[in-house]
Amino acid sequence: MTEVDTVQGAEDALDTRLVVGGHTLASRLIVGTGKYATNEVMIDAIRASGADMVTVAVRRIDLDRTQEEGILHHLDPEEFFLLANTAGCYTAEDAVRYARLARAAGFNEFVKLEVIGDEQTLLPDVQATLEAAKTLTAEGFKVMAYTNDDLITALRLEDAGCVAVMPLASPIGSGLGVVNPYFIREIKRRLEVPVIVDAGVGTASDACVTMEQGVDGVLMNTALAAADDPVRMAHAMRHAIRAGRLAYLAGRMPSREIAVPSSPTRGMLD
Amino acid sequence: MTEVDTVQGAEDALDTRLVVGGHTLASRLIVGTGKYATNEVMIDAIRASGADMVTVAVRRIDLDRTQEEGILHHLDPEEFFLLANTAGCYTAEDAVRYARLARAAGFNEFVKLEVIGDEQTLLPDVQATLEAAKTLTAEGFKVMAYTNDDLITALRLEDAGCVAVMPLASPIGSGLGVVNPYFIREIKRRLEVPVIVDAGVGTASDACVTMEQGVDGVLMNTALAAADDPVRMAHAMRHAIRAGRLAYLAGRMPSREIAVPSSPTRGMLD
Amino acid sequence: MTEVDTVQGAEDALDTRLVVGGHTLASRLIVGTGKYATNEVMIDAIRASGADMVTVAVRRIDLDRTQEEGILHHLDPEEFFLLANTAGCYTAEDAVRYARLARAAGFNEFVKLEVIGDEQTLLPDVQATLEAAKTLTAEGFKVMAYTNDDLITALRLEDAGCVAVMPLASPIGSGLGVVNPYFIREIKRRLEVPVIVDAGVGTASDACVTMEQGVDGVLMNTALAAADDPVRMAHAMRHAIRAGRLAYLAGRMPSREIAVPSSPTRGMLD
Amino acid sequence: MTEVDTVQGAEDALDTRLVVGGHTLASRLIVGTGKYATNEVMIDAIRASGADMVTVAVRRIDLDRTQEEGILHHLDPEEFFLLANTAGCYTAEDAVRYARLARAAGFNEFVKLEVIGDEQTLLPDVQATLEAAKTLTAEGFKVMAYTNDDLITALRLEDAGCVAVMPLASPIGSGLGVVNPYFIREIKRRLEVPVIVDAGVGTASDACVTMEQGVDGVLMNTALAAADDPVRMAHAMRHAIRAGRLAYLAGRMPSREIAVPSSPTRGMLD
Amino acid sequence: MNTTKTTVGVQLNGKPAEVEDGASVSGLLESLDLHPGMVVVELNREILPRDRYEEFTIGEGDTIELVHFVGGG
Amino acid sequence: MNTTKTTVGVQLNGKPAEVEDGASVSGLLESLDLHPGMVVVELNREILPRDRYEEFTIGEGDTIELVHFVGGG
Amino acid sequence: MNTTKTTVGVQLNGKPAEVEDGASVSGLLESLDLHPGMVVVELNREILPRDRYEEFTIGEGDTIELVHFVGGG
Amino acid sequence: MNTTKTTVGVQLNGKPAEVEDGASVSGLLESLDLHPGMVVVELNREILPRDRYEEFTIGEGDTIELVHFVGGG
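Protein chains in written order, with my numbering: chain Y, 1 to 270; chain S, 1 to 270; chain F, 1 to 270; chain Z, 1 to 270; chain G, 1 to 73; chain L, 1 to 73; chain H, 1 to 73; chain C, 1 to 73.
These are computed hints drawn from the structure, not numbers from a lab.
Please note: incorrect hints may appear among the correct ones.
[As the list claims (entries may be wrong)] In silico BS3-like links for lysine-lysine, alpha-carbon gap of 30 Å or less:
1) Y:Lys-142 to Y:Lys-188
2) Z:Lys-142 to Z:Lys-188
3) Z:Lys-188 to Z:Lys-134
4) Z:Lys-142 to Y:Lys-188
5) Z:Lys-134 to Y:Lys-134
6) F:Lys-188 to F:Lys-142
7) S:Lys-188 to S:Lys-142
8) S:Lys-134 to S:Lys-188
9) S:Lys-188 to F:Lys-142
10) F:Lys-188 to F:Lys-134
11) Y:Lys-188 to Y:Lys-134
12) F:Lys-142 to S:Lys-134
It should be emphasised that the depicted structure is a prediction, and the values quoted were computed from it without experimental measurement.
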């Protein structure tokens, strides 16, 4: 699609870069690195997505298996900004422990804070998340907090010093898209720190709709890793994020139930 | 977004070109030329959209006004493929007359057939459309027929020799998006000629959702012309069409109401 | 629920009776008699639904089987108004033939006209339906015409003399509910004869939403016959039709994205 | 609609009564008493709704105005079960104070606990709500807790001893209906105490859809008080609650995109 | 279907059948144990008036359709 | 509000007011023409038992809240 | 519109007009300052081949439609 | 895991293990063929500074967690 190239220059002027905790991202799309069939597909998909910030999890080294499982054997920390998460933690204490271990790896002070409250739904424990966020920001972490779509909690996470608040679109891995655009829109309207929708995006239109709510970015993993063709879907998502962002900035036409002709009504022949 | 350029080569391999009536289009997005504030904005928006096929209407020359209104003073027929429409016609006879006048302009044998059945909704008169389609195909026209989302009518328009069938997403100028994806999907599933959704798209996600139904293309006008910033919206739409198309080809993840973790559940610390 | 009885008198004043082709119905719900597990369940369900007009199909007597299959062995024509349909007909000629056979049974001049255009979707052939409608109204039939949700076709069926126009909510037996409320609303807004939504209702809320569009009635079959408990669902549908009708007449509150307290804001303590 | 009476007996057997904190309700609909144009309309609407539990607010007596504003001058405590709310409270301490004042009025130990976290959205402060719930249950109150649609919070409110958990369908007074049916369904699936959806219902179909999620009841106020005709809407809501409840119990037909005929396909003529 | 020594071949509800020669439509219904009030009869594509079934006799090669109402939506 | 030669200043439902010195809560309600059964009284942040209103006398500087039920959702 | 001593009355784009007697279609376009390549001409409901405009002369009572492409959707 | 004549029992990544008595953390990593830059070490719940692994020696009953980054969302 050469027209893409030719308009690229013009297009870059149409949007600003997303800045989170002082770090400027090249893309408004952040992607996870889990659940890919192979590391090769993972890398190709991430490159196709255009994302430069990628999430990783902190886990024990499995001493009985090949060490190849370590993500750093496949992901160049020079090429990608590593955002460690606290996925799998069910208490504030655990989340803080994992965050400290992640920071000790020496890449950056950022952490994607996740404190899960229920194993079946993986919904966040907002009280424990708030508690952990306070502890971590006090320790100098730049906390990007995964939360539900509750405005009150989002406001408190901002007060707690989080550099980004990340409400869910729908449950992790569900692919249901933005179930409650009102709440997402309201959170964006009321917060000053970046709002990045995390979890629930299933396909390109979900990502597009999410960005059209005016949020600053989207974080996804399963939508890419579990697509029949992750690399092709990653291209789709790169476009979808751009599409939704630009449409939001462009200001959509009013929608109305009555029709309005797009061709002139005058000048008809007798 | 330099990543766009870098992946462009790889991306071109991910989709085929849309071919309608033997003509190959560079883009799956077709745009109208009506209702823009100025001709300059129109041209910039069309270029940003990446569309190479554009629709025009046939009207009397207004002998009392400057001739500048003629679209050919602004649109280079070398750069764009002109698709004349029969907008404003309420009978098969009128539509045939306008189609013949359009062909006499000497650009091509294509016509976007529109026979309106009601002034308030601009919904098509499917019987008259079918009748006009038969007449025009018999005269060698390559008919792209605007119709409603009725499968039976779509099948008959295909039988009548139309080179493309163009069901509406929602009424012209309404911006309501794809109200009935089931019908659109079924039409695509059952027809062999290209299915191009025409009318109703309001914003980027509408275009994305439409392409995710598997259709071959989208035609829009008001969504660009009536956006606060038509050029920016045109960029958005270019991306949205690509996003929806690639997501359709990539095969989305299954959506489920239960959650599924994207980080490993094993390897947690004690 | 004794409160139902106590308010019944008051409630009867809240709505008028539906009159179709000069015949006054006790209920705005019309039900089919097909696909029930047993005739006993069918009768109980129909009684629970409150419907007094029921549809029946015209078929050959199966001379090799017990005659019990004849619906009149189970349905008292004194208790229910029998509306014969032309289900299964794919041409105008066949539909006319079935309608004549139905009338010859001697119950009434009403016919639910159905001319199917496609076996997979059971969508109507609107051209053939229109043709059959003209023939039948000329022969004195009171035609209630099943059609799609196209306004133009609906207007022509009214012009053809149909005593009711019956657009689909979604395909027969699909249970998808009202997929396109805009079209249904517009049809109701523009026609003078009763608009009765036929086909597609899956559960109570679908029936309620349908009536809230302002239509005059709903015809359903599978939603009752294929429910786990048809009789209980029939009670649900009776209430749903009333609920939707009364809500339409009552005029709903405006919906808004901002919240508004329902308790006084003044009078709070210090 | 005499058919309602005739089937009433049969119908009563189709559902059980809702029991909250040991108190049996005659209706699954609970209504508020705020924002009515006149007290006469309020009473008529409440009677038409069939609700026997009604909410009231605790406020200072306005010593400068006629005392007629006291709701007890209009609402007979013998006829209705008074559920006092803590609407307007923004801290756990305030909510506890209002609850104690309400109990001192001597009607019952029930309280509808509301602790608001934000004036613009009236969304609940779930942490403060949880804190107040613990205090009040310790004091012997029967707490019915208004909350958002977060499962984790709902589970904790149950653990805190609340006799009912009342998640919102959408913001108070918004009339947007059930925006997130997944979350509501999940809360119902996981809790043992009654789940009563509170706030957001705008019209009859909203109430019907809500009950179809399987919840135990619905509480509404604005949908009745702000309807053009509150009494008629109250009748509609009584039916809608019944419809949704019975449809849930009946088990709806499966919905499918393909069509399935409701009349026999065999027995057609040659 | 009752068979007698002298019969004629007809097409009855889509199947070849033998009916008594010179039998009336009412006779046919009786022989099939069908109540006239429950049946509509089409003889050679023409609907017969119910009160005159006995006037119509069935001949060789006739096509007869006996229809009724069944459950339908 | 009734005023007598000897009164004390109190905060009544958020506003400064003068009430008869040594008046009981039941007296106050009476003077305000409020039926005790319709009111809940909070005196200096403490809720008073309805059956003992006459036992509580109002003094200088007291804060009194008289509340009741109003329409609410 | 230019007027000469001898003209004929025609219907031009829906309005009555006077055009020079015996004028050709190409002459008419020229007088209207319209580039032939930008116009499609319908004379008495018949579309004229663009390369033969000069062959067609306009007479009394002719109905002429001059159309072109404008912006449309 | 290498075993020598004199070892101590520790809890290593959740499992009982024997490590050389007096071994340093860097020695342990070496023996496990783990690149220090790829590992974060927690000794008895305390995270060790990566540049001082050799200063920490492992003793009987120590609890050691060796963690790294894996794919996650």
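### Task
Give me the numbers of the hints this structure contradicts, sorted from smallest to largest.
4, 9 and 12
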